[in-house]
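Q: Assemble the whole structure, with the sequences as input and the hints as a guide.
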Amino acid sequence: MAEIKIEKKKAVWPWIAVVLIIAGLIYYIFYVDHEVQSENSTEIENTTSSQ
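Going by this note's numbering, the final residue of the sequence shown carries number 53, and the count climbs one at a time with no gaps.
Treat the hints as calculated values from the structure; they're not laboratory data.
Worth double-checking, as some hints may not be accurate.
To be verified - Here are the computed distance ranges between Cβ atoms for each label pair:
no.: 1; residue 1: Asp35; residue 2: Ala13; range: 35 to 41 Å
no.: 2; residue 1: Ile28; residue 2: Thr49; range: 39 to 45 Å
no.: 3; residue 1: Ile24; residue 2: Ala4; range: 39 to 45 Å
no.: 4; residue 1: Ala13; residue 2: Val34; range: 40 to 46 Å
no.: 5; residue 1: Lys11; residue 2: Glu45; range: 56 to 62 Å
no.: 6; residue 1: Ile6; residue 2: Tyr30; range: 44 to 50 Å
no.: 7; residue 1: Glu47; residue 2: Val14; range: 36 to 42 Å
no.: 8; residue 1: Thr50; residue 2: Gly26; range: 43 to 49 Å
no.: 9; residue 1: Glu9; residue 2: Ile31; range: 37 to 43 Å
no.: 10; residue 1: Thr49; residue 2: Val21; range: 50 to 56 Å
Unchecked claim - For lysine to any residue, the following SDA-like pairs were computed, each having C-alpha atoms within a straight-line distance of at most 25 Å:
no.: 11; residue 1: Lys11; residue 2: Leu27
no.: 12; residue 1: Lys12; residue 2: Tyr29
no.: 13; residue 1: Lys11; residue 2: Ile23
no.: 14; residue 1: Lys12; residue 2: Ala25
no.: 15; residue 1: Lys10; residue 2: Val20
no.: 16; residue 1: Lys11; residue 2: Leu22
no.: 17; residue 1: Lys12; residue 2: Tyr30
no.: 18; residue 1: Lys10; residue 2: Ala25
no.: 19; residue 1: Lys10; residue 2: Val21
No residue lacks a Cβ here, since even glycine has one placed at the ideal position from N, Cα and C.
A: This is the structure we're talking about:
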């Protein structure tokens, strides 16, 4: 009788986790606003008219 070798399937979920982590890092680096605003910064609107 012939011997049939059966190989176990490799897990896919670790690769999915790695891809999600890399995608999260790319999103954080490129799309999150990294500007630091202090409490003292205020926007001033110019309301004077020069006619």
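Q: Taking the hints in turn, state whether each one holds.
A: To see whether the hints hold, each was checked on the structure:
Range check, Asp35 to Ala13: Cβ separation about 37 Å, and the 35 to 41 Å hint holds. Taken as a hint, the range 39 to 45 Å holds for the pair Ile28 and Thr49, whose Cβ atoms sit roughly 42 Å apart. Checking the proposed 39 to 45 Å range against Ile24 and Ala4 shows it holds: the Cβ atoms sit about 44 Å from each other. For Ala13 paired with Val34, a C-beta distance near 31 Å fails the hint of 40 to 46 Å.
Separation of Lys11 from Glu45 is about 58 Å and conforms to the stated range, judged on CB atoms against 56 to 62 Å. Range check, Ile6 to Tyr30: Cβ separation about 48 Å, and the 44 to 50 Å hint holds. Against the hinted window of 36 to 42 Å, the Cβ-Cβ separation of Glu47 and Val14 comes to about 55 Å, which falls outside the hint. For Thr50 paired with Gly26, a C-beta distance near 47 Å keeps the hint of 43 to 49 Å intact.
In this structure the hint that Glu9 and Ile31 lie 37 to 43 Å apart at CB holds, the actual value being about 39 Å. The hinted range of 50 to 56 Å is satisfied by Thr49 and Val21, whose Cβ atoms lie roughly 52 Å apart. For the given pair, Lys11 sits about 29 Å from Leu27 by alpha-carbon distance, which is inconsistent with the 25 Å threshold. For the proposed pair Lys12 and Tyr29, the alpha carbon gap of about 29 Å is over 25 Å, so the pair is violated.
A hinted pair counts as satisfied when its Cα atoms are at most 25 Å apart, and Lys11 with Ile23 qualifies at roughly 23 Å. Among the hinted pairs, Lys12 with Ala25 is consistent with the structure: their alpha-carbon atoms are about 23 Å apart, no more than 25 Å. Using a Cα cut-off of 25 Å, the hinted pair Lys10 and Val20 holds, with the two alpha carbons roughly 21 Å apart. With a C-alpha separation of about 22 Å, the suggested pairing of Lys11 with Leu22 holds against the 25 Å cut-off.
Simply put, Lys12 and Tyr30 have alpha-carbon atoms about 30 Å apart, too far for the 25 Å limit, and the pair is violated. Note on Lys10 and Ala25: the hinted pairing is violated, with a Cα-Cα distance of about 29 Å set against a maximum of 25 Å. Distance check on the hinted pair: Lys10 and Val21 sit about 23 Å apart at the alpha-carbon level, within 25 Å; holds.
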